[in-house]
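Given chain A, put chain B in place with the hints provided.
2 protein chains.
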Amino acid sequence: MNILLFEEHEVSAEGILTVCGDRARHMIDVQRMEVGQRVRIGALGGKQGSGRIAALSPDRVEIRIEALDAEVPAATTDLIVALPRPQILKKILSMAAALGVRRIMLVRSARVIKSYFDSPALAPDKINQQLMLGLEQAIATHLPEVTIHERFRPFIEDALPGIAKETDVSLLAHPAATCDICELGLVERLGARSTVALAIGPEGGWEQHEVEAFERVGFMACSSGRHVLRVDTAVGVLLGQVEMLRRLPSASE
Amino acid sequence: MNILLFEEHEVSAEGILTVCGDRARHMIDVQRMEVGQRVRIGALGGKQGSGRIAALSPDRVEIRIEALDAEVPAATTDLIVALPRPQILKKILSMAAALGVRRIMLVRSARVIKSYFDSPALAPDKINQQLMLGLEQAIATHLPEVTIHERFRPFIEDALPGIAKETDVSLLAHPAATCDICELGLVERLGARSTVALAIGPEGGWEQHEVEAFERVGFMACSSGRHVLRVDTAVGVLLGQVEMLRRLPSASE
Numbered sequence: 000m001n002i003l004l005f006e007e008h009e010v011s012a013e014g015i016l017t018v019c020g021d022r023a024r025h026m027i028d029v030q031r032m033e034v035g036q037r038v039r040i041g042a043l044g045g046k047q048g049s050g051r052i053a054a055l056s057p058d059r060v061e062i063r064i065e066a067l068d069a070e071v072p073a074a075t076t077d078l079i080v081a082l083p084r085p086q087i088l089k090k091i092l093s094m095a096a097a098l099g100v101r102r103i104m105l106v107r108s109a110r111v112i113k114s115y116f117d118s119p120a121l122a123p124d125k126i127n128q129q130l131m132l133g134l135e136q137a138i139a140t141h142l143p144e145v146t147i148h149e150r151f152r153p154f155i156e157d158a159l160p161g162i163a164k165e166t167d168v169s170l171l172a173h174p175a176a177t178c179d180i181c182e183l184g185l186v187e188r189l190g191a192r193s194t195v196a197l198a199i200g201p202e203g204g205w206e207q208h209e210v211e212a213f214e215r216v217g218f219m220a221c222s223s224g225r226h227v228l229r230v231d232t233a234v235g236v237l238l239g240q241v242e243m244l245r246r247l248p249s250a251s252e
Numbered sequence: 000m001n002i003l004l005f006e007e008h009e010v011s012a013e014g015i016l017t018v019c020g021d022r023a024r025h026m027i028d029v030q031r032m033e034v035g036q037r038v039r040i041g042a043l044g045g046k047q048g049s050g051r052i053a054a055l056s057p058d059r060v061e062i063r064i065e066a067l068d069a070e071v072p073a074a075t076t077d078l079i080v081a082l083p084r085p086q087i088l089k090k091i092l093s094m095a096a097a098l099g100v101r102r103i104m105l106v107r108s109a110r111v112i113k114s115y116f117d118s119p120a121l122a123p124d125k126i127n128q129q130l131m132l133g134l135e136q137a138i139a140t141h142l143p144e145v146t147i148h149e150r151f152r153p154f155i156e157d158a159l160p161g162i163a164k165e166t167d168v169s170l171l172a173h174p175a176a177t178c179d180i181c182e183l184g185l186v187e188r189l190g191a192r193s194t195v196a197l198a199i200g201p202e203g204g205w206e207q208h209e210v211e212a213f214e215r216v217g218f219m220a221c222s223s224g225r226h227v228l229r230v231d232t233a234v235g236v237l238l239g240q241v242e243m244l245r246r247l248p249s250a251s252e
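Heads up: the protein sequence lines correspond to chains A and B, in order. Going by numbering that gives the first Met the number 0, the residue at position 60 of the first sequence is 59; the numbering climbs one at a time, nothing skipped. Going by numbering that gives the first Met the number 0, the residue at position 217 of the second sequence is 216; the numbering climbs one at a time, nothing skipped.
It is worth saying that the hints were derived from the structure and are not from the lab. Since this is a predicted model, take the numbers as computed values, not measurements. Please note that a few of the clues may not be correct.
Which copy is meant is left open, so a pair is good if it fits within one copy or across any two.
[Stated by the list, open to error] For lysine-lysine, the following DSBU-like pairs were computed, each having C-alpha atoms within a straight-line distance of at most 35 angstroms: (1) 89 <-> 125; (2) 89 <-> 113; (3) 125 <-> 113; (4) 113 <-> 164; (5) 164 <-> 46.
One chain only, chain A, in its complex shape (with noise of 0.2 angstroms):
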């Protein structure tokens, strides 16, 4: 845990930040802490600053809040995946949370095994522990949304237009798309705060027609390199080619 996350209504009138429970257990029993140490926090989709120890208990830490105002930049990244097994999923969630995704889109898709969208790492509190991992590994503030499409088809007509619309770019991975992330452009066209989507399939790839409802809505096929990459490997290697076409200076600077 490298920052201490919490929400507003866990701070007092007078900037008394007061954790509880396994959080609490967690930084007095593993982190060893004690009173007078400082603390990384953050404010959850809010900003980042510093606080002190000032009281401890067995499952109760207070902290005073000495400084909250260090800017986190907003996320800006959307992330659709078609839904992988449960192991896969819960480290898809935390890498994303750490790595600055906005929006994450579980859906369905042809090669996606029905009985996955039944795995109790769907629930909400399974998936906002895997996020919160995340976010605290990373030195994150903000949640990215969850939202979970069980059917191909009205996913792809209801929402995707939107997103495809709303989005600077929109990337959809497949390892046989005939160019490469590299070869189109996007140096020129993503600046830092640029918003991009990025569309992964299952094991084994998005069928044909589905690369081509996504294309239809203005997505582009893409290849992340010469090699075929499990899901959980693409979506770090992919959101970490995202974030650094968006920082690469472009010719015309």
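Same frame as chain A, now just chain B:
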């Protein structure tokens, strides 16, 4: 398994590849292959092609090689990783093999827990198993060479200068670095076949004297973005970014 990898001695003078044991059983029981079916094949360290199943018995598959002429670009990235805990090590090995790494050097650093070097995951056959999983996933044939360096100082003094010297660009991933991998002008410096050495630290990062030791032989410290990542996430993100830097067209092209 997206490709069946084999060694030269498994092929007869008549061009029949004979696969036995676990690999054969996987093809028969899991992949449910049948006589006449086409299989993608790859010679370890060599070319890719295809074959057709000529005969099946309970733990033996014979494949007539039809073509073996697709060149696989040689891997050109060397990865130096502070030895992580065994579960993370496994992921890193298969991911590095999948993403086209030439050499993996597992090294000691101040924040590495010494007992990790006694882990059974470091046995040559266990390492090989993870590497093969990565190659089979990624449809690759180049098995990375893995070396273990249990003492930091001899590694830094004896091995590192040679690595830095024979490599086009040497990078040290360091979340606290003042510059970002996007700010080093690497698109101009790297071409498709450039060699890159990439050093990734332990949870908690490299210590300052370690950073300085790498810098003395020419490594450039940089961060991969604004997030503090888990080691396995960092490996995927950074290998993807290095590959992108090699493949993006430079302004002078």
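Status of the hints after comparison with the structure:
In this assembly of identical chains, residue 89 and residue 125 lie within 35 angstroms of each other by CA distance both inside one copy and across copies; the values are 9 angstroms within and 25 angstroms between. When the C-alpha separation of residue 89 and residue 113 is checked against a cutoff of 35 angstroms, the pair qualifies both within a copy, at 17 angstroms, and between copies, at 29 angstroms. Taking the closest pair of Cα atoms, residue 125 and residue 113 come within 35 angstroms of each other both inside a single copy (19 angstroms) and across two copies (34 angstroms). For the homomeric pair residue 113 and residue 164, the shortest alpha-carbon distance inside one copy (29 angstroms) is at most 35 angstroms, but the shortest distance between copies (52 angstroms) is not.
Proximity of residue 164 and residue 46 under a CA criterion of 35 angstroms is satisfied intra-copy only: 29 angstroms inside one chain copy versus 44 angstroms between copies.
The structure meets every hint from the earlier list without exception.
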